[in-house]
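K.L.:
Protein chains in written order, with this note's numbering: chain A, 27 to 447; chain B, 27 to 447; chain C, 27 to 447; chain D, 27 to 447.
By construction, these hints were calculated from the structure, which means they are not laboratory data. Quick caveat: nothing in here was measured; it's all calculated off a predicted structure. Treat each hint with caution, since some may be false.
The list that follows gives simulated cross-link-like pairs (lysine-lysine, BS3-like), each with its CA atoms no further than 25 angstroms apart [said to hold, decoys possible]:
1. Lys-436(D) / Lys-404(C)
2. Lys-38(A) / Lys-339(D)
3. Lys-126(C) / Lys-39(B)
4. Lys-415(B) / Lys-255(C)
5. Lys-436(D) / Lys-436(C)
6. Lys-415(D) / Lys-404(D)
7. Lys-285(C) / Lys-422(D)
8. Lys-289(A) / Lys-289(C)
9. Lys-255(B) / Lys-339(B)
10. Lys-289(D) / Lys-422(A)
11. Lys-126(C) / Lys-231(B)
12. Lys-255(D) / Lys-255(C)
13. Lys-407(D) / Lys-407(C)
14. Lys-231(D) / Lys-38(A)
15. Lys-126(B) / Lys-38(C)
16. Lys-285(C) / Lys-415(D)
17. Lys-422(A) / Lys-285(B)
18. Lys-340(D) / Lys-126(D)
19. Lys-422(B) / Lys-38(C)
20. Lys-340(D) / Lys-38(A)
21. Lys-194(C) / Lys-436(D)
22. Lys-285(D) / Lys-289(B)
One side of the interface only, derived from the structure: several residues of chain B facing chain D at Cβ under 8 angstroms [said to hold, decoys possible]:
23. Ala-41
24. Ala-190
25. Lys-255
26. Gly-258
27. Ala-259
28. Leu-276
29. Gln-434
Beta carbons are placed, not taken as given, at the ideal position from N, Cα and C, and that holds for glycine.
Take a look at the letters that make up each chain.
Number of protein chains: 4
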Amino acid sequence: MNYDIKDINLAKKGALRIEWARNNMPVLDLIGKRFAQEKPLKGLKIAACLHVTTETAVLMEVLKLGGARLALCASNPLSTQDDVAASLVKDLKIAVFSLKGEDTQTYYQHIKLVLAINPDITMDDGADLVSTIHKAKQVSCIRYQVIGGTEETTTGVIRLRALARQGKLLYPIIAVNDAQTKYLFDNRYGTGQSTVDGIIRATNKLIAGANFVVCGYGWCGRGVALRAKGMGAQVIIVEVDPLRALEATLDGYAVMTMKEAAKQGDIFVTTTGDTRVIRREHFLLMKDGVILANAGHFNVEIDIPTLEKLGKKKRRIRDFVDEYTLRSGRRIYLLGEGRLINLAAAEGHPAQVMDMSFANQALSVEYIAKNYKKLENKVYKVPEELDRKIAELKLKSLGIRIDSLTLQQKRYLSSWEVGTQ
Amino acid sequence: MNYDIKDINLAKKGALRIEWARNNMPVLDLIGKRFAQEKPLKGLKIAACLHVTTETAVLMEVLKLGGARLALCASNPLSTQDDVAASLVKDLKIAVFSLKGEDTQTYYQHIKLVLAINPDITMDDGADLVSTIHKAKQVSCIRYQVIGGTEETTTGVIRLRALARQGKLLYPIIAVNDAQTKYLFDNRYGTGQSTVDGIIRATNKLIAGANFVVCGYGWCGRGVALRAKGMGAQVIIVEVDPLRALEATLDGYAVMTMKEAAKQGDIFVTTTGDTRVIRREHFLLMKDGVILANAGHFNVEIDIPTLEKLGKKKRRIRDFVDEYTLRSGRRIYLLGEGRLINLAAAEGHPAQVMDMSFANQALSVEYIAKNYKKLENKVYKVPEELDRKIAELKLKSLGIRIDSLTLQQKRYLSSWEVGTQ
Amino acid sequence: MNYDIKDINLAKKGALRIEWARNNMPVLDLIGKRFAQEKPLKGLKIAACLHVTTETAVLMEVLKLGGARLALCASNPLSTQDDVAASLVKDLKIAVFSLKGEDTQTYYQHIKLVLAINPDITMDDGADLVSTIHKAKQVSCIRYQVIGGTEETTTGVIRLRALARQGKLLYPIIAVNDAQTKYLFDNRYGTGQSTVDGIIRATNKLIAGANFVVCGYGWCGRGVALRAKGMGAQVIIVEVDPLRALEATLDGYAVMTMKEAAKQGDIFVTTTGDTRVIRREHFLLMKDGVILANAGHFNVEIDIPTLEKLGKKKRRIRDFVDEYTLRSGRRIYLLGEGRLINLAAAEGHPAQVMDMSFANQALSVEYIAKNYKKLENKVYKVPEELDRKIAELKLKSLGIRIDSLTLQQKRYLSSWEVGTQ
Amino acid sequence: MNYDIKDINLAKKGALRIEWARNNMPVLDLIGKRFAQEKPLKGLKIAACLHVTTETAVLMEVLKLGGARLALCASNPLSTQDDVAASLVKDLKIAVFSLKGEDTQTYYQHIKLVLAINPDITMDDGADLVSTIHKAKQVSCIRYQVIGGTEETTTGVIRLRALARQGKLLYPIIAVNDAQTKYLFDNRYGTGQSTVDGIIRATNKLIAGANFVVCGYGWCGRGVALRAKGMGAQVIIVEVDPLRALEATLDGYAVMTMKEAAKQGDIFVTTTGDTRVIRREHFLLMKDGVILANAGHFNVEIDIPTLEKLGKKKRRIRDFVDEYTLRSGRRIYLLGEGRLINLAAAEGHPAQVMDMSFANQALSVEYIAKNYKKLENKVYKVPEELDRKIAELKLKSLGIRIDSLTLQQKRYLSSWEVGTQ
């Protein structure tokens, strides 16, 4: 088996940490047990481009239990946990191609090595696998074999919808990101906690009393804002959508333009899925000592090339903290090279949250395996019944019991006759 | 002009309070100014069944400025502000039929008196107007004239969707409730604040430290939960939907069945839109001295007829507080006769929130007037551009400026090529 | 029996509301039961100057059960609940002199009528009774009889400490305000909830999204700030003490000078115990439509005389809302004539909080009765064991059980030998 | 120069991280600049037993700038940052004796090596230095030379007060912990953030939705509770003091006995300063998979010896996470061997908070140097003017301006004459 990882000897530590994650992923575990019996993925080859973390390892196990053959590369150059990669290779015999801190060239070589298995199904986190397939003329052999794919992130779904709108999408995709048990939880509670965690690990800064600017008030942004507020920050929201800006206002946050926020902020986090959200005109307005971090999928939200040009001096003052000294003498600190800070400087989303996201992945892959003949080359939602099922299993695993509607209540909801009494 | 109100002499006080509301409704005010010039409702008769509050009065003014002829009755027997009714009659010459504390019979008589104007358009808050029209054989003359209607509440929309599903809906309805500038704000921040306000006014109870049970974690429920938590309560959520139950859990609330909550709660609020949410089996488990309040549209969420039977003694101990002493000696306090507590014991939603909800009403009525020929007998959403426009106007009135996307950012969002760099 | 109240016929409503309060004051109720048996206040005459609310009525009952003879006047011209005054006179035969909305002259006449009983003990809320005694030459006959007094508020304690510092205090005072079971609860949770309640009742303004300025970050101020934040406001703190300003910052609030806050605020609340906190220079900077309210004891925190001069027009637009239109056309809304807004526009602190404050009052009066011969003319703290006892009773009444230290744990805490292991 | 550290080659990384801390400690930096000029500590030998972190390094620099000669050992076997120790030795020529993970024997040897410099002043964090001096008969030569000491923690102050009560304290101590600019900030915001940080780093657990038990509602406990709540947990407080239990209740937390909490909790944190707070009877009631962490100074709050006996199997599943499997099959996870989790698994308090704590240390040492002849063998508070000065400097460094009282306001506060107007 071909693979490219840092050090196979890290496998033991990785195995223990994967066990820890598995203990915290009861829904996925249950699915794994069923897969082991039913083998719904038998004979399928899956190419996965995901963050190589303990939670992803548990998903890989489950897919393997389901009968799939797997190859895995990283979906971000900085997010790989090398001990996990080692255990996946050694203990699970999965072909892994990923190294924490790999350069962009290696990153794309790894993608190609994963695609070399000639996958039936692709699993993406940011759509780099899909877009590589679509860009490559030479992989025309591949495209005819792929029966479907899944996509984990808001960013990836935006890219795939663009592809579909242009009529160029070559196979059906299930937008795992858009499952309620995914985006309402992973994007909000997962990104919220782990982004603040990543910033604290990188800087050991006190959040209380800081002016904490969050760019974007989507699901990720509101998660980050909520946790920053919970840690005692004064939160400022920057938005382009008037509805979200209004919600942020009534949620008790200060809302302003990026230019205004640039002058006031101490810590900045981007969560927009867009490019150059923090750029030249903003860098020049910032106070000495500000912290910049990105929680969006790609490292394009902060305009790093321009920051590189503006900085007359650059040095790494702490792990994951690069100091840029501008001509004015003011210092700007960029965290994790502008890559997903929760994966670069911390461990990404907690397993309890990924449990639901990856349950959606596993069930979506199974759905593709069973239904691919009926699917068109479009971006699909996760079927609602899967979503609801996952929520029920999760509640059960938490030991929480809820009510159900009485017959009379159901009838009342479907009638129109009874009014004011 | 025919009308039925408590006391015309209250008009002066009402007029001042309406002025106060108008000052807090800048978006509606702007629409009113345009209506006064364009007269888009000229010649139209509108029958409205809404809570007769200062905010509704401002909406009536705006519709009148637009050229409409109006008749108004209450959408709840306890929600009328008699001074507002007086001013509407005296100062605006609008036919109002509503009295705070009217009985159910009078309530429906008032509905009929309003329908007697032979309306072109109906405005509903709970769908009592629409359902009266649909029930009445004798009003067949009416149904052929109505060109469209609007509905303000979740409850009403549920009823109307049931009607539509059964193929019985006689004219098109715009579900104002489902506008984002409505339900995200009115149902959440409006109901949240005013429900807690209503409970405090009725009881002067300390919320801090109380076990505060919220039945239903929809938009209203999460508004109430958020504010109860903000006042220092320990909040318990009761739900039937697993996804919402899970959200409530991760939002930091205790989630349990109603039976379990019944034993622990000090204060209970229903926000479900369903019937008998708190019923016999729960009353019997409650602690001595509990408070029951309803924030859902109809007074059916708490099973009051059964409570009446269980109580061996009943007395009114404070305005809006009825004490039921059960056979066990335990006392249950029902607020505002189980009707919308924020309107029964307080003044309903603040004007700043109703500004958006009623801007949707005004613009939806205008939309019907202009487009009714193209509409089918279905429940429609508020057109998205209206929603967005209202959000923009509201932000502007608050003095909040936001960014817009650069060309490059727009292009990035519609591309799929650029990935990890 | 001499008395001066609004309408004796309100007694029935008052009696019910007092019963409601009593149900929420279990600690005071327990003390009342013991007093009824032990009669520790037998033969004592008590002059009380307190807010005439349902909770005060329960305290009066308890003192009467203890054997005292009582006369009561209001400690604020706007805080009297006339139905309570009626019930106290009719049902409890207590001499009450207070009318909601009385003018300042009547207010002081009432104080004199209360002092006419020639009290053994004074109970004060703001020290108006004590200071009247100390100012009056003609009451020299009185001063030799008073054996002690109590004071309920921060403001009053400040005044009494000033008296004591000048060596002029004529009899011992127990600073009930300084009991932990008083200021940590009443000033924080009580003032917090009831001030926000008073503002909402007076204005029906949406708190969410408002710029809410709190002047003073003492116990009252932080209570108000916490609740305003809990209702969704952006809170701004104005302080003169650097330590408190720093705490406010790390608690997540914006901290700035009054001049800066004057420009940004939508709603202003004073809680300083000092004079002219909001004054000419600030009025002139304010936005159109701002709301001013006071939660400090006296109506001097907002410089009303100057506001009267600045306003070229004044009218009452809602109950408890006076509109001042400045020369610039900008409008300032003053709530409750600048008097304690929680008592002017709402019902004051909830009974559950006053339960502890008034338990301190009752036990302090008993303490004076038993120990006055040992006391000097100083301001005393409430004895610690009373404080602790009240906390224990309160917890018990809430059904909350806590742990106690094991013997080993007590020993550990009193040793110094055991270190790092 | 004698020293005992892990690896001198780590100095470069340490130096950069110390620079990072210094950038975040503006108050201490200012003091350092003055010390460099005035040399107030010239000729003094200081023995310090503190957590060897970047912030402590900055304090050491300042003391050295002031003219002192220093020796430093760790105040906890797990809290040393080895790169910092290296830089202190190499770059600052300070005698450091500390290794991350040293055993208890080495720990005390290091203490003795530090005391071997024959200190004039001791700086303690937990009182291990002072108690070693007091226990040792053979160091009688030392005790006559020490002119004073400082103590950083609540735990240490409790031990020293016990010593003083027994009349055994050999020299004056300044309780730095009791400065308002210390305990209100460091114990609350510092311990709050860093404890939650430590738990997340060790476990990557989702805090949202967890039942998070905090033992002790002192300043540290309320900091931890506030941040756990801010991260979305349901917080349970265990207390022995009725007043604090009542505060916790009204702060919106569930309050219960440890036995009850043991059954419900998912994550437990001890912050009491006492011994065996979580013990046999509680271990046996816990759910499978619970997390135990300590944030109190010593590793005695969780009864680890008993846990060792109860566990039939023990293994380290992640760094800082030991899994104990009980006979029942249930697993208990102990973090950081029960030592201060914020220092064991994270970096301790943020520099911005330590800035104030260590400013108190530096100024207290200077105070001892200048005033030791006047001091008795007692535990002293930090002089109030130092406290206030530090708060002012900190505010200034944050760019926050506050008001000061007007003359009229000062006069008002010192008068008693002006009452209700």
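K.L.:
Determine for every hint whether it applies to the structure shown.
P.N.:
Now the hints, each set against the structure:
1. Lys-436(D) / Lys-404(C): holds, 22 angstroms
2. Lys-38(A) / Lys-339(D): holds, 19 angstroms
3. Lys-126(C) / Lys-39(B): The given pair, whose Cα atoms are some 21 angstroms apart, holds under the 25 angstroms limit.
4. Lys-415(B) / Lys-255(C): Measuring from Cα to Cα gives roughly 29 angstroms; hence the hint is violated.
5. Lys-436(D) / Lys-436(C): violated, 45 angstroms
6. Lys-415(D) / Lys-404(D): holds, 24 angstroms
7. Lys-285(C) / Lys-422(D): Holds - the C-alpha atoms of Lys-422(D) and Lys-285(C) are around 18 angstroms apart, at most 25 angstroms.
8. Lys-289(A) / Lys-289(C): Cα-Cα ~19 angstroms, so holds.
9. Lys-255(B) / Lys-339(B): Violated, because 33 angstroms separates the two Cα atoms, which is more than 25 angstroms.
10. Lys-289(D) / Lys-422(A): holds, 18 angstroms
11. Lys-126(C) / Lys-231(B): holds, 22 angstroms
12. Lys-255(D) / Lys-255(C): holds, 15 angstroms
13. Lys-407(D) / Lys-407(C): holds, 22 angstroms
14. Lys-231(D) / Lys-38(A): The hint holds at about 21 angstroms.
15. Lys-126(B) / Lys-38(C): Holds, at about 23 angstroms.
16. Lys-285(C) / Lys-415(D): holds, 24 angstroms
17. Lys-422(A) / Lys-285(B): holds, 18 angstroms
18. Lys-340(D) / Lys-126(D): holds, 22 angstroms
19. Lys-422(B) / Lys-38(C): violated, 51 angstroms
20. Lys-340(D) / Lys-38(A): At roughly 17 angstroms apart (the allowed maximum being 25 angstroms), Lys-38(A) and Lys-340(D) satisfy the hint.
21. Lys-194(C) / Lys-436(D): OK: Lys-194(C) and Lys-436(D) at ~20 angstroms, within 25 angstroms.
22. Lys-285(D) / Lys-289(B): holds, 21 angstroms
23. Ala-41: Violated, about 33 angstroms.
24. Ala-190: violated, 38 angstroms
25. Lys-255: holds, 7 angstroms
26. Gly-258: holds, 5 angstroms
27. Ala-259: For Ala-259(B), the interface hint holds, since the closest Cβ of chain D sits about 6 angstroms away, which is under 8 angstroms.
28. Leu-276: Since the shortest Cβ distance to chain D is 4 angstroms, the answer is holds.
29. Gln-434: At 34 angstroms from the nearest chain D Cβ, Gln-434(B) fails the 8 angstroms test, so the hint is violated.
Going through the hint list in order, the structure does not satisfy hints 4, 5, 9, 19, 23, 24 and 29.
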